[in-house]
Amino acid sequence: MDSHAAEFVVAARRALADTPLQAAVKRATDTAARKRDLAMFAAGRDYGEALRQQSAAARHRALSQLPDLLEQAEARLTANGATVLWAVDAAEVCQHVQTIAAQHGVRRVTKAKSMISEEVGLNDALIAAGIETLETDLGEFIIQLAGEAPSHIVTPVIHKSKEAIRDLLVERLDMPPTDDAGTMARFAREHLRAAFLSADMGISGGNFIIAETGTLCLVTNEGNGRMVTTLPPVHVALVGIEKVVATLEDYALLTQVLPRSATGQALAVYTHMINGPRRPDEIDGPEALYIILVDNGRSAIYGTDYAEVLGCIRCGACMNACPIYEATGGHAYGWVYPGPVGAVLTPLLTDLQEASPLPYASTLCGKCKEVCPVDIDLPRMLLDLRRDLVNAGHTPWLWAAGMRGWSLAARSPRLFDAAAHAARIGQRALPDGRKLPLGPLGGWTASRELPRIAAQPFRAWWAAQEKAQSHDDEP
Amino acid sequence: MDLPERPSPVGQPVALFVTCLVDYLFPSTGVAAVRLLEHLGVTVRFPAAQACCGQPGYNGGYQHEAQPLAERFLDVFYDIPVIVSPSGSCTTMIRQEYPRLFANDPPRLEQAQAIAARTWELTEYLVDGLGVTNLGLRLDAPQTFAVHDSCHGLRYLGLGRQARALLTAVENATVVPLEDADECCGFGGLFSVKMPDLSAALLRKKIGHIRACEAPTIVTGDVSCMMHINGGLAREGASRRVRHIAEALADGLPERERDGQPRR
Ligand code: SF4
Chain A
1 MDSHAAEFVV
11 AARRALADTP
21 LQAAVKRATD
31 TAARKRDLAM
41 FAAGRDYGEA
51 LRQQSAAARH
61 RALSQLPDLL
71 EQAEARLTAN
81 GATVLWAVDA
91 AEVCQHVQTI
101 AAQHGVRRVT
111 KAKSMISEEV
121 GLNDALIAAG
131 IETLETDLGE
141 FIIQLAGEAP
151 SHIVTPVIHK
161 SKEAIRDLLV
171 ERLDMPPTDD
181 AGTMARFARE
191 HLRAAFLSAD
201 MGISGGNFII
211 AETGTLCLVT
221 NEGNGRMVTT
231 LPPVHVALVG
241 IEKVVATLED
251 YALLTQVLPR
261 SATGQALAVY
271 THMINGPRRP
281 DEIDGPEALY
291 IILVDNGRSA
301 IYGTDYAEVL
311 GCIRCGACMN
321 ACPIYEATGG
331 HAYGWVYPGP
341 VGAVLTPLLT
351 DLQEASPLPY
361 ASTLCGKCKE
371 VCPVDIDLPR
381 MLLDLRRDLV
391 NAGHTPWLWA
401 AGMRGWSLAA
411 RSPRLFDAAA
421 HAARIGQRAL
431 PDGRKLPLGP
441 LGGWTASREL
451 PRIAAQPFRA
461 WWAAQEKAQS
471 HDDEP
Chain B
1 MDLPERPSPV
11 GQPVALFVTC
21 LVDYLFPSTG
31 VAAVRLLEHL
41 GVTVRFPAAQ
51 ACCGQPGYNG
61 GYQHEAQPLA
71 ERFLDVFYDI
81 PVIVSPSGSC
91 TTMIRQEYPR
101 LFANDPPRLE
111 QAQAIAARTW
121 ELTEYLVDGL
131 GVTNLGLRLD
141 APQTFAVHDS
151 CHGLRYLGLG
161 RQARALLTAV
171 ENATVVPLED
181 ADECCGFGGL
191 FSVKMPDLSA
201 ALLRKKIGHI
211 RACEAPTIVT
221 GDVSCMMHIN
231 GGLAREGASR
241 RVRHIAEALA
251 DGLPERERDG
261 QPRR
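Chains as they are written, first to last, in the numbering used here: chain A, 1 to 475; chain B, 1 to 264.
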């Protein structure tokens, strides 16, 4: 998928003016955040916090031995009868899938939700190769119908109102008009049922791979995941190389925090643990199972200041908590992953300069880290990305010059004092109550008054007090 | 944040790190902090060589520009056993970010870690450091307050209960909740200048909650949030204002301890 992160500021402004979008995102994120808090702390705050810290440790454990675990996972998955393929980049993922499709004579594909397939642009590649490709997660199905991109990693259609979805289904699929969400979902299900039965290949993502057992784990809520991974004769799973966990025990921990953080559920409706294709004595399951382990920029993050972000389990809690995401929705971020984790991942997985607005799209309020089930320090990484942008010269020269001036002046109390004094006199000419037409403070003064510089700074007051006191002390 | 081996500040003189915003924009906050500390019998010093902690540049990614200021801070405050600041975000800068800034400079890192353990945000110093919540204050007439939790103080230093406890203990003061008190006001330093529309969207929500709050006075532990929210309230023509906790508390000091405000 192409990145439009460079246009964040303009896209955010557009989003702010989009009233239905504002209402839809606010409602959805507020609800999700509230449900998350309830679920995480149902057994008390200490218990929930301990769960978070243990989950973080499980992810650290996995990342610290990632190369070994990947090899172990490959061996175990292979022993379980799966075919493991590696893909360096987006093109190689699409190539692998097309080769598999050709081998099995695939004409129709059903897909379960997979963010990595968005990342590598798989749908477009398959459709261009003449393969009918249908998203079956309800949200993704609607997104595909609308020709849009997901705006949230868990609830991709969060930006659309129920009414907008109804109109889309009526217009594109001749659904009899209804205002009932359940009726709409039933209609979509009917529509999808035929596709499930006729698909030649199912494509899914993967939430975890357990290295010690060679198990592919998937967490879903709609049942489509089970259809996609069991009905067609071929199942292909795209999994990022960072998704490996060491042991079944670590998985047991993470599978508790993921649904709690994502949707406020103690357990997702469907938890899949796939240990290979159908065995001779089994009555269902695919004949062939392929696991494509996708790098696509991840190994370049490994071993850097940003390795921590590879621990992300894609729960979306940081989006639901983020006041900036609430104000802009996901599309403004311009690529696959929005919100705070997107602001870190997009510059790292695409291009730092292109994505330069994203690390600045944060007040550093710290809520994202607070809710992250694996305690990823996103604010710290946003700060480091800002540093990298500055050091690479990717910030406006006016800012750089201003900051150099500030640094020089602030270092010398006398110079700073003189500058403040001059600014105070200059400020007298500025009127209250309206926007400054120009300059870096133009935007600020559009909706805020500027504070006034004090006639007597604290340091001058202190000096005067001391002087008065020493006079008092004189005999 | 974990601070291993925090020496107790009881009985020690205090050096006030007043912060550049308080120094030049809101000196009365600094005066209030001094008066409160003196009221408790604490000896207060003000190292005049102090400057900005470097946070504005640091948070913008300008670490090279921030570093000389951080070094200056370490030099000025190095020998001082207790440092108190009326700002959650500047305290965060010193406690959390200095050790990161000097991660590859062992001598400076050692200084930074030592200073981190000796630096306190004002309400934290009073409640957790000195162990007092009742400062023996009394307002002339009953007043109702609500607290806006500034993000840095709340999530990086674990503050919030201290300000509420201090206010609640003031005679004639009542503390009521503020809806979404822990939501960011949208300031974010450079953020509010770089992305003013987005910042204003967050500010509008905060102001909405403040206007709906039954307390006429909202207090906070950071003058940066105060400046931002008051800038918005003033532009909207609202009469409410956010005040720094130190000033709200200092109103309860005995008359004779309140004098000597700086000239505006
Ligand atoms: S960074 Fe944390 S909160 Fe955000 S999606 Fe990843 S795991 Fe969830």
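FYI, nobody ran anything at the bench for these hints, they're computed from the structure.
Accuracy of the hints is not assured; some may be wrong.
[As the list claims (entries may be wrong)] In silico BS3-like pairs for lysine-lysine, Cα to Cα no more than 30 Å straight-line:
#: 1; chain 1: A; residue 1: K467; chain 2: A; residue 2: K369
#: 2; chain 1: A; residue 1: K26; chain 2: A; residue 2: K162
#: 3; chain 1: B; residue 1: K205; chain 2: A; residue 2: K435
#: 4; chain 1: A; residue 1: K26; chain 2: B; residue 2: K194
#: 5; chain 1: B; residue 1: K205; chain 2: A; residue 2: K369
#: 6; chain 1: A; residue 1: K26; chain 2: A; residue 2: K369
#: 7; chain 1: A; residue 1: K35; chain 2: A; residue 2: K435
#: 8; chain 1: B; residue 1: K194; chain 2: A; residue 2: K369
#: 9; chain 1: B; residue 1: K205; chain 2: B; residue 2: K194
#: 10; chain 1: B; residue 1: K205; chain 2: A; residue 2: K162
#: 11; chain 1: B; residue 1: K205; chain 2: A; residue 2: K35
#: 12; chain 1: A; residue 1: K26; chain 2: A; residue 2: K467
#: 13; chain 1: B; residue 1: K205; chain 2: A; residue 2: K467
#: 14; chain 1: A; residue 1: K435; chain 2: B; residue 2: K194
Computed from a predicted model, the values in this text were never measured in an experiment.
Do the hints match the structure? See the list:
no. : hint                 : result
1   : K467(A) with K369(A) : violated (48 Å)
2   : K26(A) with K162(A)  : holds (14 Å)
3   : K205(B) with K435(A) : holds (20 Å)
4   : K26(A) with K194(B)  : holds (23 Å)
5   : K205(B) with K369(A) : holds (22 Å)
6   : K26(A) with K369(A)  : holds (20 Å)
7   : K35(A) with K435(A)  : violated (41 Å)
8   : K194(B) with K369(A) : holds (23 Å)
9   : K205(B) with K194(B) : holds (19 Å)
10  : K205(B) with K162(A) : holds (25 Å)
11  : K205(B) with K35(A)  : holds (21 Å)
12  : K26(A) with K467(A)  : violated (56 Å)
13  : K205(B) with K467(A) : violated (46 Å)
14  : K435(A) with K194(B) : holds (16 Å)
In this structure, the hints that do not hold are numbers 1, 7, 12, 13, in rising order.
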